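Asker: So you can see what is in the structure, the chains are spelled out below.
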Amino acid sequence: MRYLPRFVLKISGVVTVIAIWGLVVQVTDSPIIPGPWAVARAIHELAVKGLLFKYAVASLFRVTWGYLLAVTIGVPLGLMLGWYKRIGRAFNPTVQVLRPISPLAWIPLAILWLGVGDGSAVLIIFLGSFFPMVMTGMNAVRNVTPTHINAGRNFGLSAWRFMWSVLFPAVTPQIIAGMRLTFGIAWLVVVAAEMIAVNSGLGFLIVDARNAGNRYDLIVAGMVLIGTIGLLLDVAMRRLERLESIRWGYSTSAIDGER
Amino acid sequence: MAETSPDVRRAILQEPPGPKREVPAPVLDVAARERRELARPKVALRGVSMVFNPHGKAVRVLDDIDLDVDEGEFLCLLGPSGCGKSTLLNIVGGFLRPTSGDVRIDGEVVRGPDPRRIYVFQERGVFPWLTVTDNIGFGLGHLDRAERQRRIKHYIDLVGLQGFDTSYPHELSGGMKQRVEVARALAVNPDVLYLDEPFGALDSITRLTMRAELLRIWAAERKTIIFVTHDIEESIQLADRVVIMTARPAKMRRIVAIDVPRPRDLSSPRYIALRELVFDELGLAHRI
Amino acid sequence: MTETRQVPPANEPATQPPARRDWSGSGLALAGTAAMIAIWQAAMFVSDSKVFPSPLAVARGIGELARTGRLVMYVTDSLMRVGIGFSLALLTGLPLGLAMGWFPRLGSAVNPVMQILRPISPLAWIPLAVVVFGISNAAPIALIFIASFCAIVESSMNGVRMVSQVYVLAAQNFGLSRAAVFRRVVFPAALPQILNGLRIALGLSWVVVVAAEMVAVDSGLGYLIIDSRNAGKRYDLVVGGMVLIGAIGLLLDTLVLRIERLPAVRWGVDART
Numbered sequence: 001m002r003y004l005p006r007f008v009l010k011i012s013g014v015v016t017v018i019a020i021w022g023l024v025v026q027v028t029d030s031p032i033i034p035g036p037w038a039v040a041r042a043i044h045e046l047a048v049k050g051l052l053f054k055y056a057v058a059s060l061f062r063v064t065w066g067y068l069l070a071v072t073i074g075v076p077l078g079l080m081l082g083w084y085k086r087i088g089r090a091f092n093p094t095v096q097v098l099r100p101i102s103p104l105a106w107i108p109l110a111i112l113w114l115g116v117g118d119g120s121a122v123l124i125i126f127l128g129s130f131f132p133m134v135m136t137g138m139n140a141v142r143n144v145t146p147t148h149i150n151a152g153r154n155f156g157l158s159a160w161r162f163m164w165s166v167l168f169p170a171v172t173p174q175i176i177a178g179m180r181l182t183f184g185i186a187w188l189v190v191v192a193a194e195m196i197a198v199n200s201g202l203g204f205l206i207v208d209a210r211n212a213g214n215r216y217d218l219i220v221a222g223m224v225l226i227g228t229i230g231l232l233l234d235v236a237m238r239r240l241e242r243l244e245s246i247r248w249g250y251s252t253s254a255i256d257g258e259r
Numbered sequence: 001m002a003e004t005s006p007d008v009r010r011a012i013l014q015e016p017p018g019p020k021r022e023v024p025a026p027v028l029d030v031a032a033r034e035r036r037e038l039a040r041p042k043v044a045l046r047g048v049s050m051v052f053n054p055h056g057k058a059v060r061v062l063d064d065i066d067l068d069v070d071e072g073e074f075l076c077l078l079g080p081s082g083c084g085k086s087t088l089l090n091i092v093g094g095f096l097r098p099t100s101g102d103v104r105i106d107g108e109v110v111r112g113p114d115p116r117r118i119y120v121f122q123e124r125g126v127f128p129w130l131t132v133t134d135n136i137g138f139g140l141g142h143l144d145r146a147e148r149q150r151r152i153k154h155y156i157d158l159v160g161l162q163g164f165d166t167s168y169p170h171e172l173s174g175g176m177k178q179r180v181e182v183a184r185a186l187a188v189n190p191d192v193l194y195l196d197e198p199f200g201a202l203d204s205i206t207r208l209t210m211r212a213e214l215l216r217i218w219a220a221e222r223k224t225i226i227f228v229t230h231d232i233e234e235s236i237q238l239a240d241r242v243v244i245m246t247a248r249p250a251k252m253r254r255i256v257a258i259d260v261p262r263p264r265d266l267s268s269p270r271y272i273a274l275r276e277l278v279f280d281e282l283g284l285a286h287r288i
Numbered sequence: 001m002t003e004t005r006q007v008p009p010a011n012e013p014a015t016q017p018p019a020r021r022d023w024s025g026s027g028l029a030l031a032g033t034a035a036m037i038a039i040w041q042a043a044m045f046v047s048d049s050k051v052f053p054s055p056l057a058v059a060r061g062i063g064e065l066a067r068t069g070r071l072v073m074y075v076t077d078s079l080m081r082v083g084i085g086f087s088l089a090l091l092t093g094l095p096l097g098l099a100m101g102w103f104p105r106l107g108s109a110v111n112p113v114m115q116i117l118r119p120i121s122p123l124a125w126i127p128l129a130v131v132v133f134g135i136s137n138a139a140p141i142a143l144i145f146i147a148s149f150c151a152i153v154e155s156s157m158n159g160v161r162m163v164s165q166v167y168v169l170a171a172q173n174f175g176l177s178r179a180a181v182f183r184r185v186v187f188p189a190a191l192p193q194i195l196n197g198l199r200i201a202l203g204l205s206w207v208v209v210v211a212a213e214m215v216a217v218d219s220g221l222g223y224l225i226i227d228s229r230n231a232g233k234r235y236d237l238v239v240g241g242m243v244l245i246g247a248i249g250l251l252l253d254t255l256v257l258r259i260e261r262l263p264a265v266r267w268g269v270d271a272r273t
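Residue numbers (my numbering), protein chains in the order written: chain A, 1 to 259; chain B, 1 to 288; chain C, 1 to 273.
FYI, nobody ran anything at the bench for these hints, they're computed from the structure. All of these numbers come straight from a predicted model, not from anything done at the bench. Built from N, CA and C at the ideal position, the CB exists for glycine as well.
Beyond 12 Å from chain B on every Cβ pair, some chain C residues (computed):
1) A66
2) G69
3) G203
Which stretches of chain A does chain C cover? Using the computed rule of at least three CB atoms under 8 Å from a CB of chain C, they are:
4) 78–91
5) 107–117
6) 201–211
7) 214–223
Next comes chain A alone, as it looks inside the complex:
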């Protein structure tokens, strides 16, 4: 019963925003901006046509591919750049210059290399997730407690054993946290990626709704769906993260608290 007030508080914030939104639309009587009710109807329309599911899956499919590629290449690279200081220092400027470039800015090059279609969309998502994962890897190595490293060296472990039993467990919690954040970023990028002529997906929905008839209710419906799915995925990943942490017996506070 104690949880009820907090829950109510959270819901009330959301409800208030929706109410204000509806009110503003009513008051301004704008032909352009759809009210909450119109958006709800649009979502329903998508669900009925079966497009809701189809588009969501298409977007998820592309995101997952680009994201997984980014993780498998980016994390080891980041770990390496973080661990081998000299290599890290040598290539850090390159990473730092490429990092601020919006995935959207890569679109012309993506189309040049892979043409129009799924390939370039996945490439864009890959680029959007790659740099955050490299940074995560680098930072994770930097934050490993020296105590652990020294203990590993003390026991005269071989390089491979050391990596396996000391380094990887130590960086895992941070890597996993970084993976969750990067997945959020990848999900953000999907809209940009799907602006390249593909013909399915939630990003495509938004772009198409504007081009083919100014269906603003669909535009906002798409945004709401993207936001909601993004939130659900984030929550799911947090659950997974907690599971993972428990399994390893770590929490980041346990590592930080080592003094």
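Starting from the known structure of chain A, fit chains B and C onto it as the hints suggest.
Answerer: Same frame as chain A, now just chains B and C:
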């Protein structure tokens, strides 16, 4: 205080067995006791109890504590970790309200934290975004600039941090940070100082130095000090009286008056005897 | 292990000032960057592409932009948009975030809204922004505002929430009013976290402005990229624009990092490592 006949006094002497409490009863050294009876204690705890309810279960942390602390006295609360002594100090400091009982300072009931009684946390109480000077001057905003600077300088010298006035805490060692915190507390000229295991984060060598420093400062400024520790030696080296507390729920087990003259000779027979007394009281072995 | 990590033990703080600039590090950086450019050039020879530019072509392209004055114009346009949008977000988001952190009930009420708005990509807001604002400066500014607003609110709120309770208690002990506790203790204590959030928000703004300019306006670095491709397949300018974007983004980031290293804030950085 009404005069009682010597016979009544002797009758009162027969204290019941069980956990001993220091009750201001007329005994033996009449003069000293009566002097203390007439002068109101600086800090008076009456029936202080504390019950926490973390997950709906009631946990009794403090059980009916009665205690008097005299003005200018250095009192130690000694007990094992987690026995509730920090809770007690928090209550005296006004950060917690006791479940029952009250704390009076100079006769007034304590209702909240007060600049007249400063609590010294472990080194983590120092504000990291301020220099040593600004930390010490934190409570001195009401003074004019010249007076403020004079006071800050006085306390920097007193705690031995000359030359570090513009340093930031993260450039200092643990012991130095602790000195900053003590200086900050003293600068506002409080009546009472509460110290909660202030040397706990320091190594034992630094601790010895810091204890000597603290006593030196206390002798110079004669504040009332209530000091919480789990270190037996520390309590005997520092305090006028040591209040030995039991494990949770904490009660006062015994109050031991440390009558070794200052500066305390740590090898004197009296010191060793008192230490043995405390060891026995806590049921600890004499050989390791 | 080829490299050892030299870190002073936890309880002996390094009381010396930070090391002077490490010239060997800079040498390595130069070497690494040169290597990347060399690889790029080599790839050009190998692929013999007619379209993809070589490093030299890109450099020449940037030079051309500088000569015609377009470089300065585009960079100024982009920076101006970031400046306005970010400042607006800062002026509204920072007080809100601080309030949400300091007044828990406000935080609980508003936070869920933030959590839903945050995952919505600024990129997704683009079509709506274009619809509402048309092709004008307002569209990218609005997008930058939305993107940085959420980030700033979140980090300031967390910054306030994570201030150690000991500081608050100590301040109360000195008889400070609630407002004074916030002003003199909580805010400075939260500052490292807040600045970190600002740095991230600034980085985000820069990414968003470029994206917005590709769609919604007709000037700026983002526009340069899309226009160079559409109006003549000038890929040397495309890549040149990307290089500029990266360089300026890095510059902005470094600037805030400098601020984060000021003595009154630096303790937060040291505490984090």
